[in-house]
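> Using the hints, position chain C against chain A.
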Amino acid sequence: MALPKYTETRYRIWHYSFLIICTSVFIFLIAPLFVIIPLSFNAEQYIHFSKGMIALDPDAFSLRWYEDMIYGTKNPWGIAVRNSFYFAFFSTIGATALGTLAALGLSSRYMPYKSLIMSILISPMIIPLIISGSAIFFSLAKVGLASTFIGVVMAHIILGTPFVVITVTATLSGFDDSITRAASSLGSTPTNTFFKITLPLIFPGIISGALFAFVTSFDEIVVILFVAGGERSLTTIPLQMWTGLREQLSPTIMAVATCLIIMSTLILITTELLRRRTERIRGITPR
Amino acid sequence: MNNPIRTSDGELLSVKLKKAESNKRNIAFLLVMPLLLFILVAYILPISQMLQRSVDNTQMNSLLSETYKVIQDWNGEELPPEEVTKVFYNELKYLAENKLHGKIAVRLNYEKGGFSSLIKKTVRKLDSFDENENILDQFIKVHKRWADIDYWLALKRATVPYHFRKYLASFDMIQDFDGSIKRLEEKKRINVTLWLRTIFVALGVTFCCFLLAYPIAYLLSVLPTRYSNILMICVLLPFWTSLLVRTSSWMVLLQTQGVLNDILVSLNLVSDDNRLELMYNMTGTFIAMTQILLPFMVLPLFSVMKTIQPSLMKAATSMGSTPFNAFRKIYFPLTYPGISAGSILVFVLAIGYYITPALVGGSKGTLISNRIAYHMQSTLDWSYATAMATILLVAVLIVYYIYNKVVGIDNMRLG
Numbered sequence: 163m164a165l166p167k168y169t170e171t172r173y174r175i176w177h178y179s180f181l182i183i184c185t186s187v188f189i190f191l192i193a194p195l196f197v198i199i200p201l202s203f204n205a206e207q208y209i210h211f212s213k214g215m216i217a218l219d220p221d222a223f224s225l226r227w228y229e230d231m232i233y234g235t236k237n238p239w240g241i242a243v244r245n246s247f248y249f250a251f252f253s254t255i256g257a258t259a260l261g262t263l264a265a266l267g268l269s270s271r272y273m274p275y276k277s278l279i280m281s282i283l284i285s286p287m288i289i290p291l292i293i294s295g296s297a298i299f300f301s302l303a304k305v306g307l308a309s310t311f312i313g314v315v316m317a318h319i320i321l322g323t324p325f326v327v328i329t330v331t332a333t334l335s336g337f338d339d340s341i342t343r344a345a346s347s348l349g350s351t352p353t354n355t356f357f358k359i360t361l362p363l364i365f366p367g368i369i370s371g372a373l374f375a376f377v378t379s380f381d382e383i384v385v386i387l388f389v390a391g392g393e394r395s396l397t398t399i400p401l402q403m404w405t406g407l408r409e410q411l412s413p414t415i416m417a418v419a420t421c422l423i424i425m426s427t428l429i430l431i432t433t434e435l436l437r438r439r440t441e442r443i444r445g446i447t448p449r
Numbered sequence: 135m136n137n138p139i140r141t142s143d144g145e146l147l148s149v150k151l152k153k154a155e156s157n158k159r160n161i162a163f164l165l166v167m168p169l170l171l172f173i174l175v176a177y178i179l180p181i182s183q184m185l186q187r188s189v190d191n192t193q194m195n196s197l198l199s200e201t202y203k204v205i206q207d208w209n210g211e212e213l214p215p216e217e218v219t220k221v222f223y224n225e226l227k228y229l230a231e232n233k234l235h236g237k238i239a240v241r242l243n244y245e246k247g248g249f250s251s252l253i254k255k256t257v258r259k260l261d262s263f264d265e266n267e268n269i270l271d272q273f274i275k276v277h278k279r280w281a282d283i284d285y286w287l288a289l290k291r292a293t294v295p296y297h298f299r300k301y302l303a304s305f306d307m308i309q310d311f312d313g314s315i316k317r318l319e320e321k322k323r324i325n326v327t328l329w330l331r332t333i334f335v336a337l338g339v340t341f342c343c344f345l346l347a348y349p350i351a352y353l354l355s356v357l358p359t360r361y362s363n364i365l366m367i368c369v370l371l372p373f374w375t376s377l378l379v380r381t382s383s384w385m386v387l388l389q390t391q392g393v394l395n396d397i398l399v400s401l402n403l404v405s406d407d408n409r410l411e412l413m414y415n416m417t418g419t420f421i422a423m424t425q426i427l428l429p430f431m432v433l434p435l436f437s438v439m440k441t442i443q444p445s446l447m448k449a450a451t452s453m454g455s456t457p458f459n460a461f462r463k464i465y466f467p468l469t470y471p472g473i474s475a476g477s478i479l480v481f482v483l484a485i486g487y488y489i490t491p492a493l494v495g496g497s498k499g500t501l502i503s504n505r506i507a508y509h510m511q512s513t514l515d516w517s518y519a520t521a522m523a524t525i526l527l528v529a530v531l532i533v534y535y536i537y538n539k540v541v542g543i544d545n546m547r548l549g
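In order, the protein sequence lines correspond to chains A and C.
If you count the first sequence from 1, position 12 lands on 174 in this note's numbering, and the numbers rise without skipping.
If you count the second sequence from 1, position 49 lands on 183 in this note's numbering, and the numbers rise without skipping.
Excised from the complex, chain A in its bound form:
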């Protein structure tokens, strides 16, 4: 973004103020996350930057809140972490399987009522969670599945499928049909074509859809508030954070939050690698 030498002063001023505006927006976006990380290493019980921390005094930092998170008394985080991963794992499998099949069907030229069906399938993403949560709770309660493991997984599958449908459909929209036709004309069976040609090509889309479904379930809080119905054995990380945050901001929550930030960084890296792979397969070279 270097300016040519002949640029007039007023455009220079405009250019630099534009850069300053952009920088402040980027700071606004990212800074809140980075505030949490140092605070989780606070030796004190209060959530603020103590004088020692600002002076970078090693004694002002400690790992005690991480210890508290792992070994603390009546530790709720162990169950929460286990549950969160269980729910996310099973609902990801369900949502990815159902969503991928539906996306394959929806991408077919011959599919009738495409946009109506698509809007029904996407609706869990659009309808406010408070409505979804209470409705799913009432229906699960009717069949005796409220506050059960299966109930939570089912609710999370519902919430996760729109993301899988959207990402896989997006991958398929750039899919060149003549490749599968070429395979068939060379004598491949439809099943063989699917597993050998179609699946490897849309795989990055499936994985990124699965990641979305995973994160949706892993971060989900509103629906599980209703569906878990205060059942302590069904608590998850977000549910535990919600309970904690309503009482008071504790440094232990900062420690948990830091772990979650590390996790989202890993997810971000994975999606970036997937995106590059898709671009390479499709032959789109980045500028």
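Simulated from the structure, these hints should not be mistaken for laboratory data.
All values reported here derive from a predicted model rather than from experimental measurement.
Every residue, glycine too, gets a C-beta built ideally from N, C-alpha and C.
The reader is advised that the hints may include incorrect statements.
Said to hold, decoys possible - Here are the simulated DMTMM-like pairs of lysine to aspartate or glutamate, each with C-alpha atoms no more than 25 Å apart in a straight line:
{"no.": "1", "chain 1": "C", "residue 1": "K275", "chain 2": "C", "residue 2": "E216"}
{"no.": "2", "chain 1": "A", "residue 1": "K213", "chain 2": "C", "residue 2": "D407"}
{"no.": "3", "chain 1": "C", "residue 1": "K440", "chain 2": "A", "residue 2": "E434"}
{"no.": "4", "chain 1": "C", "residue 1": "K158", "chain 2": "C", "residue 2": "E145"}
{"no.": "5", "chain 1": "C", "residue 1": "K227", "chain 2": "C", "residue 2": "D261"}
{"no.": "6", "chain 1": "A", "residue 1": "K276", "chain 2": "C", "residue 2": "E155"}
{"no.": "7", "chain 1": "C", "residue 1": "K152", "chain 2": "A", "residue 2": "D338"}
{"no.": "8", "chain 1": "C", "residue 1": "K152", "chain 2": "A", "residue 2": "D339"}
{"no.": "9", "chain 1": "C", "residue 1": "K498", "chain 2": "A", "residue 2": "E409"}
{"no.": "10", "chain 1": "A", "residue 1": "K213", "chain 2": "C", "residue 2": "D261"}
{"no.": "11", "chain 1": "C", "residue 1": "K150", "chain 2": "A", "residue 2": "D339"}
{"no.": "12", "chain 1": "C", "residue 1": "K440", "chain 2": "A", "residue 2": "D338"}
{"no.": "13", "chain 1": "C", "residue 1": "K275", "chain 2": "C", "residue 2": "E319"}
As the list claims (entries may be wrong) - Sample of chain A residues lacking proximity to chain C, with all beta carbon distances greater than 10 Å (derived):
{"no.": "14", "residue": "L165"}
{"no.": "15", "residue": "D221"}
{"no.": "16", "residue": "S224"}
{"no.": "17", "residue": "E229"}
{"no.": "18", "residue": "Y248"}
{"no.": "19", "residue": "N354"}
{"no.": "20", "residue": "K358"}
{"no.": "21", "residue": "F365"}
{"no.": "22", "residue": "I368"}
Chain C alone, transformed into the frame defined by chain A:
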């Protein structure tokens, strides 16, 4: 064409093609079926069932079914005739014997204050009634409220199988016994304030997101990929981070003893005993929601801006346009699809927001979702909660419909 084209097995090509196409259509349909059925049965159906609760009064109607039949014919201008009171007496007696009168007492009290105690007192005296005498007079003898026509009108209104009073209540309105609809007294009007606040916050957050997202989406779209990829992390990392993490980071920043106030105090911009109230009010909700929803505006804008040729702007300026005019007349209109996609997405998400307002908003910064949750979980007045949920849902579906028309569901992109 006398010789229609045939395939190698002698069938007409057109027939064979139709067959193949219908075969493909069936396969496509079969692939969509499992998910479609699952969503319809486990999601759409429960929502519609839940929404029925908002107008449903069938329990009351079935408890007093005979009374309902006769009281509907009563004109409501003077006290009800003997046939009505007799039927009501019989049903009340039956309910009292089966200990069900408590349910109708609660429900009737919603319609008219004082009805609950009236029912309870009457039930205690039911044994002393002489069925050969005038029932209405005996009712009045038990309690003089039975001489007040309003109680009978309330009974008439409370026994209908479906009603809309929760919808009126959602807008702080109430229907009088003469059928006229009037607003609640000023200090009891909570809901209208909340609706207006929700719309105001949703629109305001959408607008702020647009203002903040536009410059950075532009910057990201014109920078060379290796720089824009790094800056994109600033957008994508919050996008992938848990909502509760981001909300708690705003709590850390905004509270009175929080980081922002600490910085302002140490810079002597604010005195220590005069710290800013940034949380537990609208300011907190607004700031936190803007940051949380910002990526949903940046990403659609970015993907649209990426496709705009930079040569268009250069052409405009080379033909004598000022850069500002070129931007206003050429670039900005080209970004409309991105603006509409992002705005609608942010608006829809903002209007139903629950978690962030509940944690950061306090009592002055909560939105309609929090009110719905309150009635769902605390007062357990489900018909009230679902009436409000229905109104919210209708609003969201209208916006969703517009989104579908303007942007198209198929064009929705994530990440």
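> Next, verify each hint and record whether it holds.
Quick rundown of the hints versus the structure:
Distance restraint check for K275(C) and E216(C): the Cα-Cα separation of roughly 15 Å lies within the 25 Å cut-off, and the hinted pair is therefore satisfied. With a CA separation close to 19 Å, the supplied pair K213(A) and D407(C) stays within the 25 Å bound. Using a Cα cut-off of 25 Å, the hinted pair K440(C) and E434(A) holds, with the two alpha carbons roughly 17 Å apart. A hinted pair counts as satisfied when its Cα atoms are at most 25 Å apart, and K158(C) with E145(C) qualifies at roughly 19 Å.
A distance of roughly 9 Å separates the Cα atoms of K227(C) and D261(C); the hinted pair therefore holds under the 25 Å criterion. Using a Cα cut-off of 25 Å, the hinted pair K276(A) and E155(C) holds, with the two alpha carbons roughly 16 Å apart. At roughly 23 Å between alpha-carbon atoms, K152(C) and D338(A) fall within 25 Å of each other, so this suggested pair holds. With a C-alpha separation of about 19 Å, the suggested pair K152(C) and D339(A) falls inside the 25 Å cut-off, and the hint holds.
Of the supplied pair hints, the one linking K498(C) and E409(A) holds, its CA atoms being roughly 19 Å apart against a limit of 25 Å. Annotation: proposed proximity of K213(A) to D261(C) is violated, straight-line Cα distance about 79 Å (limit 25 Å). For the hint linking K150(C) to D339(A), the alpha-carbon distance of about 20 Å falls within 25 Å, and the restraint holds. A threshold of 25 Å between alpha carbons decides the hint, and for K440(C) with D338(A) the separation of about 23 Å falls inside it, so the pair holds.
Between the alpha carbons of K275(C) and E319(C) the distance comes to roughly 34 Å, so the proposed pair goes past 25 Å and is violated. With a least beta-carbon separation of about 12 Å from chain C, L165(A) lies farther than 10 Å from that chain, consistent with its non-interface assignment. Listed as outside the interface, D221(A) is consistent with that label: its C-beta sits roughly 20 Å from the nearest C-beta of chain C, beyond the 10 Å cut-off. The beta carbon of S224(A) is kept farther than 10 Å from every beta carbon of chain C, the shortest such distance being approximately 18 Å.
With a cut of 10 Å on Cβ distances, E229(A) stays outside the contact zone with chain C, its closest approach being about 20 Å. The beta carbon of Y248(A) is kept farther than 10 Å from every beta carbon of chain C, the shortest such distance being approximately 17 Å. Against the 10 Å criterion, N354(A) stays outside the reach of chain C, whose nearest CB is about 16 Å from its own CB. The beta carbon of K358(A) is kept farther than 10 Å from every beta carbon of chain C, the shortest such distance being approximately 18 Å.
With a least CB separation of 16 Å from chain C, F365(A) remains clear of the 10 Å interface cut-off, as annotated. For I368(A), the non-interface assignment is confirmed: its Cβ lies about 14 Å from the closest Cβ of chain C, beyond the 10 Å cut-off.
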